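With the hints as constraints, model all of the structure from the sequences given.
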Amino acid sequence: MAVITIQNTGQKICCNDGDNLLRVLLAHGIFVDNPCNGTGVCGKCKVRIDGAGICLSCMTQVREELTIELLQKERKHRVLTKGYMPEFEFANYENGYGIAVDIGTTTVVMALIDLQTGEEIANASRINAQKQFGLDVLTRITYEYNHGEAGIQELQKTIVDSMNEMLEELVGADESLRNQIKEIVVAANCTMTHMLLGVDARSIGRAPYAPVFREAQECLASAIGLRAGEETKLYCLPQVSSYIGADIVAGAYVCELEKEAGNVLFIDIGTNGEIVLASKGKLLSCSCAAGPALEGMNISCGMRAAEGAIEDVVISEEGVQVKTIGDLEPVGLCGSGILAVVRELIQKGFLKKTGALIQPDSLKEDDWKRSVLRAVSKQREAVLCRDQEIIVTQDDIRQVQLAKGAILSGFTALLKKAEISMRELDKVLIAGQFGAHLPAESLVGVGILPEQVKEKLVYVGNSSKTGAYMALMSKKVRQEMELLAEKIEYFELAETTDYERVFAESMRFPVK
Amino acid sequence: MEKELLFKEISDNVVEMEEDIVEELCEKSLEMGIDPTETINKGLIDGMDRVSVLYEDGEYFLPEVLTASYALNVGIDVLKPHIKQEESSKRVKVVIGVVEGDTHDIGKNLVKIMSESGGFEVYDLGRDVPLDEFVTVAEEKECDFICMSTLMTTTMPGMRTVIEKLNEKNIRDKYKVLIGGGPVSQKFADEIGADAYTVDAAACVKKMKELKGV
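Protein chains in written order, with my numbering: chain A, 1 to 512; chain B, 1 to 214.
Don't take each hint at face value.
[Stated by the list, open to error] Lysine-lysine pairs mimicking DSS-like chemistry, simulated, CA-CA at most 25 Å apart:
hint	chain 1	residue 1	chain 2	residue 2
1	A	K456	A	K44
2	A	K233	A	K157
3	B	K169	B	K141
4	A	K44	B	K187
5	A	K46	B	K42
6	A	K487	A	K280
7	B	K207	A	K378
8	A	K417	A	K487
9	B	K93	B	K165
10	B	K28	A	K378
11	B	K93	B	K8
12	A	K378	B	K206
13	A	K259	A	K280
14	A	K233	A	K475
15	B	K42	B	K28
[Claimed, not checked] Some chain A residues close to chain B (C-beta under 7 Å, calculated; not the full set):
hint	residue
16	G40
17	V41
18	L138
19	I141
20	T142
21	S203
22	R206
23	A207
24	G355
25	A356
26	Y490
27	A494
28	T496
29	E500
30	M507
If you are wondering where the hints come from, they were derived from the structure by calculation, not from laboratory data.
Owing to the predicted nature of the structure, the values given are computational and were not obtained by experimental measurement.
Glycine is no exception: its CB is placed at the ideal position from the N, C-alpha and C atoms.
Next up, the structure:
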């Protein structure tokens, strides 16, 4: 028997001698960030242990009595719930209520809809509770590999519990309303759909990356443990492939890509960047593994978009000005923040095309840039907030560069495949949670998207939830989406000819 | 043009990633009757060595190493047909690949390029490599090193399996096993009993040289 005392709250937790500290904390609902799911890689699960100093909780075994101090606070996150929607006819239910859901790897958004009027009565959103099993889909799939059937059930229960809590929030004390819920419609990426339905997602995580199903799925909501009405149905939108999921099908539908006469590119930027190109009546798609850097992870001072996160930066002779979410004291950098930093470093002459920071010694004695740059042994870094020691290292910039290279290479490869040039693109639609917070200046400034499309960007918001809503309100929409999913062609980026060269070229920063 | 000057120019253009110029210069070296092996070693490989140093110093990154290696390969393609006798010197052999279930191979390619220019003989099995193949090729080609890479957490256990296969066959001691890739760590290397984890391509080549005392 061992006892953990948490200094911040005074809470005491009993566990077995030798238990893993991170697992014990998570099991007791105590928030510890662990993007890599306890593999000792990401370094985000640090706690202060009395007598031992700062340790990674995932690498610590609990022995006898342990007093720890938590170093992170769970902060309020921003979740995007709205977006663009085309006109369409309501043609499904006469009355009652429905639920439209967007399950993202990071966030879940749910709306209670009056089926007669189409009005959104209430909405709820929260961070996907599966984050305790890792931040990205692959880490969660790895959890299934390591824990088999039990792991699959655990992941399912986590998201279902979460949705039940959100339902509670939407329906409130009105139990009769619960029974009037006719249907729940879900748009999610392919892995999330599998996990919600309790279907083995392991094959998604290995070449040839084949999902168990791609078609739309229907069952009773109660069959997976959702607490709505007894008769409430559940409908999950169809997928194109393992890495082009129903969320993207929904987005492509909402943005009417199929009806486009011109060349339009739809892009959802996140840990995975998904891209769909509509050109000459064809729909081509690919997915690029950008990694979590653009969401503030794998970055030394990175954090998610929560209060206190730096979301914009201006670097000039007057020094470094930062803007934080909630205008609080800066705590770290979220995705839009790290991109803003790199944009500034490029535009103000700190960064070379290759992504290397210039040498501080190469600058003149009185150059203002010296106040921002410093070299610690061989490693160069840019200092943003001296007091809070918020810095961006050369390695951080490399992480952004890899992410940027992945997305731009997908973009370029798709255009190549469709045999059209950057210039011929009429519109670039930016979808999703993360993209909505990225201004054109950063997207183009960092070179995630090419300069030529700067004036062509359109932000479409959470098109996944909108798609779920439309499918809830119209059977016709649903059928069209199912056809659309069949129509979107998918290709594996890594298998396209000359991909490596395209990737290498895409990694260059747009230094003028 | 003097020989040494030409070598330097070839080396410089590998560093500058100028494929076309490297190609021209290598053709010129043949016209001048210079021994192609010498041009490879003193021009092309010298350039690639300098690229490795720039990479270690953080000046160059993945794209530069890749593009420089394209220039290197263009040069080798020009010169190789003109090398008369086969090289007799015994080189250290490496079998390398991305483990089964994973198709991300850019990191592996980088290690391959740097190992080759570091003087190793490399057998590249490509990506999504069946685990048995690491063992059979290592045995067949009498390799010294088995290098495995993966970018995905889902496929990491394959590395353990390869080591287990070596143990089962009682041939573990014949090889040094090095692993790398995004989610791989020293801790994981310790867990599965690999000889080393290295953080990037330059570190991998360094480690191999250290282990072989070259």
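Enumerated hints in conflict with the structure, sorted upward: Of the numbered hints given earlier, those the structure breaks are 1, 5, 10, 11, 21, 26, 28, listed in rising order.
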